[in-house]
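Peer 1: With the hints as your guide, set chain B onto chain A.
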Amino acid sequence: MTGHQVRFVGAGKKYGAVRALDGVDLEVPAGTFLVLLGPSGSGKTTLVRALAGIERLDEGEIHIGDRVVSEPRRHVPPEQRDLAMVFQDYALWPHLTAAGNVGYALRRRKLTSDQAKVRCREALERVGLAGLAERYPHELSGGQQQRVALARAIVAEPGLLLFDEPLSNLDTDLRERLRVEISTLTRQSGASAVYITHDQAEAFALADVIGVLDQGRLVQLADPETLYHRPATPFVACFTGLSGELEGTVLEHEGDFALTQVGPWRLRARSATPLARGSAVRVMIRPAATGFADGDAGVGGAVDDHGVVEGTVVDVAYRGRGYDHVVACADGMLTSVFSVQPRTRGAQVKLALDAHGCNAFPLTGEAPISYDREVTAVTASSQTSVAVEHKQGVAE
Amino acid sequence: MASITTNPVAVRFRTATGWARRAPFALFWLLVAAILLLPILLFLLVAFSPRLFDQGPQWFSLSGFQQAFQGPMLQGIGDTLMIGTVTALASAAIGFAVAWVVHRVRVPGRRLWSGGMFALLFVPSYLIALGWERLLEPQGVLDLLHVPDSAARSLLYGPVGVIGVLTVKGIPFAYLAVSAGLRGLGEEFEAAVRVHGGGRSAVVRTVLALLAPALWSALAIVFAESISDFGVASTLANDAHFPVATFELYNAVDNFPVQFPVAAAVSWLLLAMAALALLAQHAALRGRSYRVLGGRTRPARRRDLSGPATAGVFIGMALLYLGALGVPTFGAVSASLINGLGTLMGGANFSFDNYRRALTSPELYQPLLYSGGLGAITATVTVLLGLVVARLLTSRRGRASARMLDLLLLAAVALPGIVFAAGYIFTYNLPLTNDLGIHLYETTSLLVLGYIATALPPASRVLFGSVGQVQESLREAARVHGSTEVVSWLKVMLPLLARPLLAAWSLTFGATVLELPISQLLYPPNDPTVSVGIESALSKYDYGGGTAMEVLAVLASLAVIGLVWGIFQLVAPAGWRRLGRTS
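Protein chains in written order, with this note's numbering: chain A, 1 to 396; chain B, 1 to 583.
Just chain A, same shape as in the assembly:
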């Protein structure tokens, strides 16, 4: 089965005075696993429900494959869109057994009864529920219910699979196992997938492409690596995992990096937009970029790539493989500073910050940036000298 290409053009939707979608333009090639990431109210659910045909757009178009399924005067009903969906609350019909629920999705395929039974059994086998086909939803655990919902989605082999935060009601262990199943089964089916979540770890683990939504707008669409290393806006940086942020001023900007003055320290941080000398910036620091500068720093890379800041340990949390620290710096707080050795609360420490995990943004405005060009990287230095290097753009 080949998946469908999906395209939104100027998609807009209002609920009263609230603008849920604000001119979203997005294109996903066939067979791609797209994850839409965003906080509550960002519009991701509306976008997927509009794609499913459950909601009608007020503006714009939706294309699935070669067909226009939604435009101002045309709305193809959900049942004619050749898609399936896994709902957040599972949406299993309580009057039907697991087999009945899965078999329901096969009706549109006009199979014989025997063929349908075989397909149904195969789908349940694929999700590990072959022995529970005759159970009613309330006789299944939460994880089993979600597996039935997954089997129902894949059984008819639709060209597009939609997932509406399907793991949000499950415990951590089950989430991880089901995430793997969703990833595997979806890719085996060959269908395109659109998956929504507000969990950045889940998004990074599943996606070929991630679209980040904020207040009804698509603020960045990129592969997970690009999104993590080169967030387009402070919002994207913030939503995809931060240790903390510090404010400073730009001393130098060259290429992809800026040298900034943060309190008494100098930090290098990545910035794709040119930053004027003396302009105020916020330096947003990833957890992986932090480490103690006294021997067992959790960061890699050459020492030259690290800026050093000083602070006071205010909290220590044991995480099994080591310790996460919260360190108060001059005007900010850095969390998740990892070390295999614990530091005592109140201890004065030096932190090394990897420039590749630090992103500088102007303090005012959130101009989106594009990585579709060759960018010049300026490596941050804790010293006065500035090392300059040139890099190729990392995104296609």
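In case anyone wonders, no lab produced these hints; they're calculated from the structure. Bear in mind the structure is a predicted one, so any value in this text is a computation, not a measurement. Keep in mind that the hints are not guaranteed to be accurate.
[Stated by the list, open to error] Label-pair ranges, simulated between beta-carbon atoms:
#, chain 1, residue 1, chain 2, residue 2, range
1, B, 399, A, 340, 53 to 59 Å
2, B, 115, A, 138, 21 to 27 Å
3, A, 171, B, 200, 40 to 46 Å
4, A, 16, B, 158, 55 to 61 Å
[To be verified] No farther apart than 20 Å at their CA atoms in a straight line, the calculated lysine to aspartate or glutamate pairs in the DMTMM-like style are these:
#, chain 1, residue 1, chain 2, residue 2
5, B, 491, A, 79
6, B, 491, A, 134
7, A, 110, A, 122
Glycine included, C-beta positions come from ideal geometry on N, C-alpha and C.
Peer 2: Same frame as chain A, but now just chain B:
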């Protein structure tokens, strides 16, 4: 690789997708206006402007109100206010006690007591009143059995009897309201009082304070039900020459000369009384929070009573049901088995003659068949409309229209049935209505419309809870997995709502077959309904035939309802039957 497209299309706003999609809703609102809004509004308007509807010479007048505050009318209004107040207090107290016994105490027959409340809810007030009357009337069953009953008779045929029967009828409403409150009240509130030094009386005071919303709700509901009752008003109260407002309203519309402005004025007063009860409830609860139900609420435990206390509670409950259901049932059944009851000629004897007559005489069995047919039609149409109403009320779209509909239905619940009936007679007998080509007066169609109008508010309330419980995603899942709108309703919503739909159908059917006020005013001249037939037989002193009809009507209604549920159990797929069942 995915990309953000760089050329956004020009903003295009969605225009209306055409009238086709909205036509059913427009039709629905037209129907709601025709059966709920217009008849009542026009009728109430005539109290102020008789000339507007050719009911008098003045464009604006309060003469209807002046007449309502004179003579028997005034006494009827005063009696109604008194009855409503006393009944509300008595029913709330007894309803609270029954709810406490059923939910908080370990006493034999809990299921029976709880089921009995629903039976009491189902039985119309006039049947309870008639049962008592047959027992205690002169030459009644007790007289024939030579049981001295003159003291009890003088009590029954007066305010005490009227209040007693209406209290009995009000108990299930109070019970249901208080039960809902008690279920949500976890044991931690009682435990908190005890561990901080409070005794049992302190616990009771605390529980009563926390149940204030339920108690006020019980008082308001029973008050509204009592003042709007027509069944007791037209039977026991009328026989006892104890005037009440609803019967005076009926007299104003049914006797010559017809006094619509006076009837409308009395309707306004009845509405004002119901509104006052609701206002009192609102004022008592304003500014306080009674949020006791949460995810961490621990369910309360039932208390074990001592042996004598258990016996005392059991006897108390048995006596209550004896008075509420046992005596009227005995009265009706025994009266139906006695030939020549109520005559001064003597020679009364036990036989099945009355049933034989009821089953062979067209005058007695035709009303039963007629009411059965009307009940089935009304229940079916009401349930379908109720489903639409419940859907509109729970829908995420159209909040403004849903709020308006909700308000309209709430107002309709508070309206006495007799006001509805008077509004129907008035509106559909207007020259304007006839000029428009609507000739519904004195037809079965108008009677059915009247039944639907009074049955729709409670039926849609019953369905509202169930429809609201169904997650929207279940129907959406059906749509995205290949079903059309209609199929998704039939394959997903119908199975999920089958039991509530059947429950609403059964309630509406039973209530319609035995309905009195609408039937009394709107029945077509040659087609009396079963309640009118019973009243007619009783007014001709055919007590045996009338009570036989009563018994047959109740049994027939229960048989039809039983048959419908039986068919459901036999025919519905296993999954449909499992829903809503407790393990």
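Peer 1: What hints, given by number in increasing order, does this structure fail?
Peer 2: none
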